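Novice: Okay, here's what each chain looks like letter by letter:
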Amino acid sequence: MILVTGGCFQGKTAYACKTFGIGREEAADGAVCPPEEIYKTKLLFHFHEYIRRLMETEESFSLEALTRKNPEIILVTNELGYGVVPTDRFDRAYREKTGRVCCQVAREAKQVHRVVCGIGTVIKGG
Amino acid sequence: MLLLITGGSGSGKSEYAEKMVLRLQKMPRLYIATMYPFDEECRLRIRRHRKMRAEKGFKTLECYTGLKNADVTGYGTVLLECMSNLTANELYQEGGAKERCAEEILAGVHRLLGQCEHLLIVTNEIFSDGVDYDPETRIYQKYLSEINRQIASMADAVVEVVYSVPLVHKGNPEEMV
Numbered sequence: 000m001i002l003v004t005g006g007c008f009q010g011k012t013a014y015a016c017k018t019f020g021i022g023r024e025e026a027a028d029g030a031v032c033p034p035e036e037i038y039k040t041k042l043l044f045h046f047h048e049y050i051r052r053l054m055e056t057e058e059s060f061s062l063e064a065l066t067r068k069n070p071e072i073i074l075v076t077n078e079l080g081y082g083v084v085p086t087d088r089f090d091r092a093y094r095e096k097t098g099r100v101c102c103q104v105a106r107e108a109k110q111v112h113r114v115v116c117g118i119g120t121v122i123k124g125g
Numbered sequence: 000m001l002l003l004i005t006g007g008s009g010s011g012k013s014e015y016a017e018k019m020v021l022r023l024q025k026m027p028r029l030y031i032a033t034m035y036p037f038d039e040e041c042r043l044r045i046r047r048h049r050k051m052r053a054e055k056g057f058k059t060l061e062c063y064t065g066l067k068n069a070d071v072t073g074y075g076t077v078l079l080e081c082m083s084n085l086t087a088n089e090l091y092q093e094g095g096a097k098e099r100c101a102e103e104i105l106a107g108v109h110r111l112l113g114q115c116e117h118l119l120i121v122t123n124e125i126f127s128d129g130v131d132y133d134p135e136t137r138i139y140q141k142y143l144s145e146i147n148r149q150i151a152s153m154a155d156a157v158v159e160v161v162y163s164v165p166l167v168h169k170g171n172p173e174e175m176v
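If you're matching them up, the sequences are chains A and B in order. Here numbering that gives the first Met the number 0 is used: the first residue of the first sequence is 0, the next is one more, and so on. Here numbering that gives the first Met the number 0 is used: the first residue of the second sequence is 0, the next is one more, and so on.
You may find that some hints are simply not true.
Ranges of calculated distance between the beta carbons of each label pair, as one might list FRET restraints [unchecked claim]:
1) B:Gln114 to A:Glu71: 38 to 44 Å
2) A:Glu58 to B:Arg137: 35 to 41 Å
3) B:Gln92 to A:Gly124: 29 to 35 Å
4) B:Arg22 to A:Phe19: 30 to 36 Å
5) A:Val31 to B:Val130: 20 to 26 Å
6) A:Phe89 to B:Arg49: 21 to 27 Å
7) B:Pro134 to A:Gly10: 53 to 59 Å
8) A:Asp90 to B:Gly94: 41 to 47 Å
9) A:Pro33 to B:Asp155: 49 to 55 Å
Bear in mind the hints are in silico, worked out from the structure with no lab data behind them. Remember, predicted model here, so these are calculated numbers, not experimental data. Glycine included, each C-beta is placed from N, C-alpha and C at the ideal position.
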């Protein structure tokens, strides 16, 4: 498992596709794909949106299931939580949840990359 | 020694800070708690952090405002969490330091440093989501960033935690251990 994170519009998915040799058409969009796609795809981008959708349908993310069914997956996520605490309750819960899930994923991942201005830095497992 | 730990919310800052405290092995340990229990959500958060500290041998000192009145003499390791709450308390609470919050808090940090062996301070990156906040919130961001910069300049080491991964911006936290 590999985690790629960074701010929005930093070229994270393009960086991940290029770095790991994956065609964009092979990548799943976490904002719209069927939930079970995460267990099949090589790369899932908008992972934070995937988490949001799980929260909206009151499902929980299982790292154990993902590790078992798709251990080589590359997850691309926005790095949330660098702003003032949102006033909306769901927004607060969502950014908190994304943080906790991504911490879990990062601990499990063999590599973590952080992308700024399209440039990736390996911050774990380099 | 002074270690400043920063990062986004939910990035694993507290967990990293507590791990460092355990590795430092300087007893006794004090936790300075700053979150005022406004509502159920705060109380839940406080409970989550209390659980993380359970059995780690921390004493807890609640300090919502007036950090420079805190007495930590005799403690080996002090963990202050977190600067973003303390700053908001000083700015918004009745009896808080208001526009003097940065100098009052920094005076408190200096005092703590003189009283204990290791001081770890957790703060928060609230500066880069591109949202234009109201003037009051912008002032809060300005004060907190000033406090963060001042503490970072004094600190032996500064670490940013990204989804549980520590990135070292200054010094070497391993040298503290």
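Novice: Each hint: holds or not?
Specialist: So, going through the hints one by one against the coordinates:
1. B:Gln114 to A:Glu71: 38 to 44 Å: Between Gln114 of chain B and Glu71 of chain A, where Cβ atoms are some 51 Å apart, the hint is violated.
2. A:Glu58 to B:Arg137: 35 to 41 Å: 37 Å, holds
3. B:Gln92 to A:Gly124: 29 to 35 Å: 44 Å, violated
4. B:Arg22 to A:Phe19: 30 to 36 Å: With Cβ atoms ~34 Å apart, the hint holds.
5. A:Val31 to B:Val130: 20 to 26 Å: Holds, since Val31 of chain A and Val130 of chain B (Cβ atoms, about 25 Å apart) stay within the stated range.
6. A:Phe89 to B:Arg49: 21 to 27 Å: 25 Å, holds
7. B:Pro134 to A:Gly10: 53 to 59 Å: 33 Å, violated
8. A:Asp90 to B:Gly94: 41 to 47 Å: 30 Å, violated
9. A:Pro33 to B:Asp155: 49 to 55 Å: Check passed, 50 Å falls within 49 to 55 Å.
In this structure, the earlier hints numbered 1, 3, 7 and 8 are contradicted, and the remaining ones agree with it.
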